[in-house]
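Keeping their order, the protein sequence lines are chains H and U.
For the first sequence, the working numbering assigns the number 25 to the initial residue and increments by one for each residue that follows.
For the second sequence, the working numbering assigns the number 9 to the initial residue and increments by one for each residue that follows.
Just so you know, the hints here were simulated from the structure itself, not pulled from any lab data.
Here the structure is a predicted model, which is why all the values come from computation and not from measurement.
A few of these clues could be false.
Listed below are the simulated DSS-like cross-link pairs for lysine-lysine, each with C-alpha atoms no more than 25 Å apart in a straight line [what the hints assert, rightly or not]: (1) U:224 - H:34; (2) U:52 - H:106; (3) U:150 - U:171; (4) U:153 - U:168.
Which residues of chain U face chain H? A few of them, derived with a C-beta cut under 8 Å, are [unchecked claim]: (5) 41; (6) 52; (7) 58; (8) 176; (9) 180; (10) 237; (11) 327; (12) 334; (13) 347.
Ideal Cβ placement from N, Cα and C applies to all residues, glycine included.
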Amino acid sequence: MDQQDTSTVKRLEIIESHRDDDTCQTFVFHDEDHTLGNALAYMVLKNPDVQFAGYSVPHPSENRINLRIQTNGAQATDVLQKGLTDLNKCCEHVLKTFETRAKEYKRSQKRNIPQDIEMQLDT
Amino acid sequence: MDIIEDIRNKVQITEHGVGNVHSTSFPGGHEGYTDSWNQTQFEKGFRVDILQLAEDELEFDMVGIDAAIANAFRRILLAEVPTMAIEKVFIYNNTSIIQDEVLAHRLGLIPIKADPRMFEYRQQGDVEGTADDTIEFQLQVKCTKHPNAKDATDPDDLYKDHKVTTKYMKWVPIGNQAQIFKEDDLRPVNTDILIAKLRPGQEINLKMHCVKGIGKDHAKFSPVATASYRLLPDIQLKQIIEDELAERLQKCFSPGVIELDNVDGNKRARVAHPRRDTCSREFFRHPDLKDLVEYSRIRDHFIFSVESTGVMPPEVLVCEAIKVLMGKCRTFLAELTDVKSNPPKKKK
Chain H
25 MDQQDTSTVK
35 RLEIIESHRD
45 DDTCQTFVFH
55 DEDHTLGNAL
65 AYMVLKNPDV
75 QFAGYSVPHP
85 SENRINLRIQ
95 TNGAQATDVL
105 QKGLTDLNKC
115 CEHVLKTFET
125 RAKEYKRSQK
135 RNIPQDIEMQ
145 LDT
Chain U
9 MDIIEDIRNK
19 VQITEHGVGN
29 VHSTSFPGGH
39 EGYTDSWNQT
49 QFEKGFRVDI
59 LQLAEDELEF
69 DMVGIDAAIA
79 NAFRRILLAE
89 VPTMAIEKVF
99 IYNNTSIIQD
109 EVLAHRLGLI
119 PIKADPRMFE
129 YRQQGDVEGT
139 ADDTIEFQLQ
149 VKCTKHPNAK
159 DATDPDDLYK
169 DHKVTTKYMK
179 WVPIGNQAQI
189 FKEDDLRPVN
199 TDILIAKLRP
209 GQEINLKMHC
219 VKGIGKDHAK
229 FSPVATASYR
239 LLPDIQLKQI
249 IEDELAERLQ
259 KCFSPGVIEL
269 DNVDGNKRAR
279 VAHPRRDTCS
289 REFFRHPDLK
299 DLVEYSRIRD
309 HFIFSVESTG
319 VMPPEVLVCE
329 AIKVLMGKCR
339 TFLAELTDVK
349 SNPPKKKK
């Protein structure tokens, strides 16, 4: 119940590294789990600029995931941004397709019901 | 058969396990494939087919998407699509044999038909609740003796109001709720859920507050009874199988998977409906059959099955789940822009 109000709480954190390297970074996603972790790691891995991407749940009773990104020169934040944008666009298409198909199915069902009744009346 | 294509598109089912479980379609994974994310290509290959849509059951195919994303939808359906459920119970009187805390727990699990999109999350520490975030129900039942039932032995004839079901739950509008909602908009999904049993003289008098929540917090908020997927089975016969062997092969699979055709007076096996197979692997137990079949599942063909508890239609739940994932992306995109504009100070 208390997990949902996140408007003011920071949920994304970048782990500070000693080396001044923007191509290798670990991002901490607070209050997230495998649901976003796996989907996002997949999307980030799909980027040819990425050398390594992986996520972990550091401890089962801590509600956060670590996402590590290492690139071939691109900024890790840019790569993460692309991953999130791609995942969002992908979901948009899935949603659009699903909604259209559900509508189509309902329409076809409506058309079929009278036919079924006719068939029952015939027999 | 292209081996690389098989590795990329199929999950092998072998005698003692499964093979090629992980997706390998990443840049640099296979020679001759780009494999970087391409929205146009994805949109071309992606497909949704609805097989069955009933009041609270939905079966559909989602084809051309990776397990990482399909699984996210499934997990969100189970744990992150918000619903309304009873969270606070104010017990004024309970003389039934069921203890207060057990009664409160039972009440919590009752599915409440209310559109969670019409409500807000209740603020932390708020006990009272407002019209925007709370639905109030009242349960006031007192059991009495039936006056003209002297020789009866059946409790139904002996007592009045001795079975407390969800039918007795009365919605109490808060603030302007009576103008926004009709009596039928806010109610328990089922009217026949047994909450407690009473005997003459016993009574239950309580008030309940329903709030918005998600399944991750408590399973009572989960909007689905089940939400699962399986991969479409793929069965290939490596050679012609006839007669006794064919009949035995047919028996190894679920009914309807293998059909026997009459070819020149012989019964010849044909794979008719691989979808009906349960992947039992029975044929691996027959030494003369086990090398004749190539058994696998299609990696990107998900057969989803969503069963709603009744709080919202299943197709709405799936749409909401997709929106939840989009919401996560947007939240973190916004935060990322914040972080980028004020980068954390580096340690020297």
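Hints versus structure:
Among the hinted pairs, residue 224 of chain U with residue 34 of chain H is consistent with the structure: their alpha-carbon atoms are about 20 Å apart, no more than 25 Å. Distance check on the hinted pair: residue 52 of chain U and residue 106 of chain H sit about 21 Å apart at the alpha-carbon level, within 25 Å; holds. Between the alpha carbons of residue 150 of chain U and residue 171 of chain U the distance comes to roughly 10 Å, so the proposed pair stays at or under 25 Å and holds. With a C-alpha separation of about 6 Å, the suggested pairing of residue 153 of chain U with residue 168 of chain U holds against the 25 Å cut-off.
At about 12 Å, the closest approach between the beta carbon of residue 41 of chain U and any beta carbon in chain H exceeds 8 Å, and the interface hint on this residue is violated. Because the smallest distance between the Cβ of residue 52 of chain U and any Cβ of chain H comes to about 11 Å, over 8 Å, the interface hint for this residue is violated. Taken as an interface hint, residue 58 of chain U checks out: its beta carbon lies about 4 Å from the nearest beta carbon of chain H, inside 8 Å. The interface hint given for residue 176 of chain U is broken, as the beta carbon of that residue sits about 27 Å from the closest beta carbon of chain H, more than 8 Å.
Look at residue 180 of chain U: its Cβ only gets to about 22 Å from chain H, farther than 8 Å, so that hint breaks. The interface hint given for residue 237 of chain U is violated, since its Cβ lies 14 Å from the closest Cβ of chain H, which is over the 8 Å cut-off. The criterion of a C-beta within 8 Å of any C-beta in chain H is met by residue 327 of chain U, whose closest approach is roughly 6 Å, and the hint holds. Taken as an interface hint, residue 334 of chain U checks out: its beta carbon lies about 5 Å from the nearest beta carbon of chain H, inside 8 Å.
With its C-beta approaching chain H no nearer than about 6 Å, residue 347 of chain U sits inside the 8 Å limit, and its interface hint holds.
Checked against the numbered hints above, the structure breaks hints 5, 6, 8, 9 and 10 and satisfies the rest.
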